[in-house]
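Undergrad: As given, the protein sequences belong to chains X and G, one line each in that order.
Throughout the first sequence, residue numbering follows our numbering, covering 115 to 359 in sequence.
Throughout the second sequence, residue numbering follows our numbering, covering 2 to 417 in sequence.
Just so you know, these hints were derived from the structure itself, not from any lab.
Any given hint could be a false lead.
In silico lysine-lysine, DSS-like type, Cα no more than 30 Å apart, as pairs [unchecked claim]:
no.	chain 1	residue 1	chain 2	residue 2
1	G	Lys-158	X	Lys-235
2	X	Lys-122	X	Lys-245
3	G	Lys-396	X	Lys-238
4	X	Lys-240	G	Lys-408
5	X	Lys-164	G	Lys-379
6	G	Lys-318	G	Lys-210
7	G	Lys-408	X	Lys-235
8	X	Lys-238	G	Lys-318
9	G	Lys-382	X	Lys-221
10	X	Lys-177	G	Lys-379
11	G	Lys-191	X	Lys-235
12	G	Lys-400	X	Lys-264
13	X	Lys-226	G	Lys-210
14	X	Lys-221	G	Lys-379
15	X	Lys-238	G	Lys-409
16	G	Lys-158	X	Lys-238
17	G	Lys-408	X	Lys-264
18	X	Lys-226	G	Lys-382
19	X	Lys-221	G	Lys-409
20	X	Lys-164	G	Lys-382
21	G	Lys-382	X	Lys-240
22	X	Lys-264	G	Lys-191
23	G	Lys-210	X	Lys-235
24	X	Lys-226	G	Lys-318
25	G	Lys-382	X	Lys-178
26	G	Lys-158	G	Lys-191
27	X	Lys-226	G	Lys-191
28	X	Lys-178	G	Lys-379
29	X	Lys-238	G	Lys-191
30	G	Lys-210	X	Lys-238
31	X	Lys-221	G	Lys-408
32	X	Lys-235	G	Lys-379
33	X	Lys-240	G	Lys-379
In case you want the letters, here they are:
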Amino acid sequence: MIEIKNLKVSVEEKQILKELNLSIGKGEVHAIMGPNGSGKSTLSYALSGKEGYNVEGEVIFNKKNLLELNAEERAQQGVFLAFQYPIEIPGVFTNNFLRTSLNSVRKANNQKELNAVEFLKIVKEKAFELKIDPEMLSRPLNVGFSGGEKKRNEILQMSLLEPSFIIMDETDSGLDIDALKIVSNGVNTLRNQDRSFLIITHYQRLLNYIKPDFVHVLSDGKIVKTGDWKLALELEDEGYGKFVN
Amino acid sequence: MQEYQEIKESFEKFIQSISTTSDDLDFRKKSLNNFLQKGYPVSKDEDWKYSPLTNDLRKFTTFDFPKDQNKILPDDTKELYEHYAVIFIDGCMVSEDITENGFSIKKNNLFLKSVKKEGDNPVLNLNNAFASTGYLIELNKNCSIDKPIVIYNYFSKVHQASFCSFKNFILLNENSKATIYEKNIYLSDKEYLITANTEIFLSKNSDLKKYNLNCNNKYSTIFNFSKANLDESSNLEFFTFSENVNSCRDESVINLNGKNSFASINALQLQHSGFVHEIKLQINHNEEETKSSQFVKSALHDESIAVFQGKIFVDSKAQKTDGYQLSRALLLSDNVKFFSKPELEIYADDVKCSHGSSSGSIDEESIFYLRSRGIDEKSAKELMINGFLAEVIDKVSNKQFREIFYKKIGHNLENA
């Protein structure tokens, strides 16, 4: 259960999110749709702990106020942000990164860290399910990956870390239909009764593949309408015009 | 020249103490005279503008020299794989000569094969005047050495001599192939001057991989000079790993004299504290269809200072030259300094040359990405710095040595 209460976010003097309230139940998939500049990406960064934002309000998750934790602590608690543009890091090998990440999360949760052999066994299985070429894992992180490969790599990280609250920021951007299907299948396999999703998107297209329980319209820093997945269809037909002042 | 009077006296004493040929003696005298004309380099000299040596060399006005003693290399400095060991301790060669089928490694006695030509590099002139020891490696035609040659250049905590001057010679005859790893270890807390002058000759189709390690020098002043001459279709791969080395200049001059010769010169600087390290490279494309690549990465912490001067020179007859140069510095504190001087000097019209140099701090977006995956800030930074440095280590073509250098930066190989 995630409870976002009176969330206000500003950058320098500019107020981007204005008293945003949202509660996401266990196992629920919520979609947030909105036009450019409505604050969608800011919401994802504020929830995942990126520095440089002035954040007020409360985000209660696992009985803790997320806003009091730094980025790595939130990840260790089970928050996962799937990036719109996953970062390329030359020289850092994907496998090394994945194991460091997984072991950091395991260590924070008092679980035994995995040795190289144990880790490789798990990562190979997961990569296979996501149709990821194991050769990709021995390359530097996201460097020279296609748009689809980068997003599949995000889903692979998600499936390794097994987070309980997943925020997906414009995951469909830059994906062709085949990649979109693979990524959506990956997400759908991870859906279960304990895991909550917040899917941020411009277009309804992604929601054809990952069917949300609720759809919210974000405009000018606030949620202005909430409905079920049919709201997404409505938006696709009519556009955001009527919600924008 | 009053300030060099003592150096002159040291020289008189020094030549009394050695027995050598008249040619050699003559060359030494000429070299000293050349040195005395200009004295130590100053920062006004363009070639020495940012060099830490211009200040530090002035400390050395009188010299005493290494004495042969029975010393043993500590076990923890020995490499654990099979290799041919050449050992210098406190400026004296302590290992036996090696002569095997196809090659020999000997003490460079009397410097008979060395080129006797004094130049305008003052420190090199000083080196030539006072040369006291060194190695001589020769490979016969078609000889390919399967094990690496490791040169241990170990300066112990009790090292006393204030001046050590090495002169080394490497000759690879046609079709021969070798890997040489030179490990420089500086433990003494005395102030002393070390100069090394390595001449490298690569004949047709020969292949030399030369890897160098400089580590942990606080007090000495070091000048490492290499000059390589490459004949047709020969290959030189050069990599220098410098970690926490103060007051040191690594200078290389590479002459691409034969068609299809190729030199790949790579270097890494990982510096903490207020240490100053300088890399100076000059690649001379003297013949058609030659290729060179320079790649330098510097990670600078605390108040450290790094200098990179790299030049690609293309002679008017060196058409179809392919020259590449890139230096990148990661500035990890507000108090570090990086001086970069990339140069191209081109007299031919059908060439491909590029150079680039950049310096900047660690990318915050990347740090956030790593932290958002549960990796704490400190580890995320380490991962980024290692990744940055790993890119230049990737240029090391010998897998065994690539892994040795990866380990030195704490790179985790288990997952590879």
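Undergrad: Each of the hints needs a verdict: does it hold here or not?
TA: Hints, one by one, checked against the model:
Among the hinted pairs, G:Lys-158 with X:Lys-235 is inconsistent with the structure: their alpha-carbon atoms are about 48 Å apart, more than 30 Å. With a CA separation close to 40 Å, the supplied pair X:Lys-122 and X:Lys-245 exceeds the 30 Å bound. Proposed proximity of G:Lys-396 and X:Lys-238 is supported: the alpha carbons are some 28 Å apart, at most 30 Å. Between X:Lys-240 and G:Lys-408 the alpha-carbon distance is near 29 Å, which keeps this suggested pair within the 30 Å criterion.
About 16 Å separates the Cα atoms of X:Lys-164 and G:Lys-379, which keeps this hinted pair within 30 Å; it holds. For the hint pairing G:Lys-318 with G:Lys-210, the CA-to-CA distance comes to about 28 Å; that is within 30 Å, so the pair holds. At roughly 24 Å between alpha-carbon atoms, G:Lys-408 and X:Lys-235 fall within 30 Å of each other, so this suggested pair holds. Taking the CA atoms of X:Lys-238 and G:Lys-318, the gap is near 54 Å; set against the 30 Å cutoff, the hint is violated.
Simply put, G:Lys-382 and X:Lys-221 have alpha-carbon atoms about 19 Å apart, close enough for the 30 Å limit, and the pair holds. Distance hint between X:Lys-177 and G:Lys-379 is fulfilled; the C-alpha atoms sit about 27 Å from each other, no more than 30 Å. Taken as a hint, the G:Lys-191 and X:Lys-235 pair is broken in the structure, with Cα atoms around 53 Å apart against an allowance of 30 Å. Our distance criterion of 30 Å between C-alpha atoms is met by G:Lys-400 and X:Lys-264, whose separation comes to about 28 Å.
Annotation: proposed proximity of X:Lys-226 to G:Lys-210 is violated, straight-line Cα distance about 43 Å (limit 30 Å). For the hint pairing X:Lys-221 with G:Lys-379, the CA-to-CA distance comes to about 16 Å; that is within 30 Å, so the pair holds. Between the alpha carbons of X:Lys-238 and G:Lys-409 the distance comes to roughly 28 Å, so the proposed pair stays at or under 30 Å and holds. Distance check on the hinted pair: G:Lys-158 and X:Lys-238 sit about 50 Å apart at the alpha-carbon level, beyond 30 Å; violated.
The suggested pairing of G:Lys-408 with X:Lys-264 holds, with an alpha-carbon distance near 28 Å, which does not exceed 30 Å. Taking the CA atoms of X:Lys-226 and G:Lys-382, the gap is near 24 Å; set against the 30 Å cutoff, the hint holds. Taking the CA atoms of X:Lys-221 and G:Lys-409, the gap is near 26 Å; set against the 30 Å cutoff, the hint holds. For the hint pairing X:Lys-164 with G:Lys-382, the CA-to-CA distance comes to about 16 Å; that is within 30 Å, so the pair holds.
A hinted pair counts as satisfied when its Cα atoms are at most 30 Å apart, and G:Lys-382 with X:Lys-240 qualifies at roughly 27 Å. Annotation: proposed proximity of X:Lys-264 to G:Lys-191 is violated, straight-line Cα distance about 54 Å (limit 30 Å). Restraint check: the Cα-Cα separation between G:Lys-210 and X:Lys-235 comes to about 37 Å, which exceeds 30 Å; the hinted pair is violated. The hinted pair formed by X:Lys-226 and G:Lys-318 fails the criterion: a straight-line CA distance of about 65 Å is larger than 30 Å.
Restraint check: the Cα-Cα separation between G:Lys-382 and X:Lys-178 comes to about 27 Å, which is no more than 30 Å; the hinted pair holds. For the suggested pair G:Lys-158 and G:Lys-191, the alpha carbons sit about 8 Å apart, so the restraint of at most 30 Å is met. Pair hint X:Lys-226 plus G:Lys-191 does not hold up; C-alpha atoms about 48 Å apart against a cutoff of 30 Å. Of the supplied pair hints, the one linking X:Lys-178 and G:Lys-379 holds, its CA atoms being roughly 24 Å apart against a limit of 30 Å.
Between X:Lys-238 and G:Lys-191 the CA atoms are separated by roughly 54 Å; this puts the pair beyond 30 Å, and the hint is violated. Restraint check: the Cα-Cα separation between G:Lys-210 and X:Lys-238 comes to about 36 Å, which exceeds 30 Å; the hinted pair is violated. Among the hinted pairs, X:Lys-221 with G:Lys-408 is consistent with the structure: their alpha-carbon atoms are about 24 Å apart, no more than 30 Å. With a CA separation close to 28 Å, the supplied pair X:Lys-235 and G:Lys-379 stays within the 30 Å bound.
Annotation: proposed proximity of X:Lys-240 to G:Lys-379 holds, straight-line Cα distance about 28 Å (limit 30 Å).
Going down the numbered hints, you'll see the structure goes against 1, 2, 8, 11, 13, 16, 22, 23, 24, 27, 29 and 30, while the others check out.
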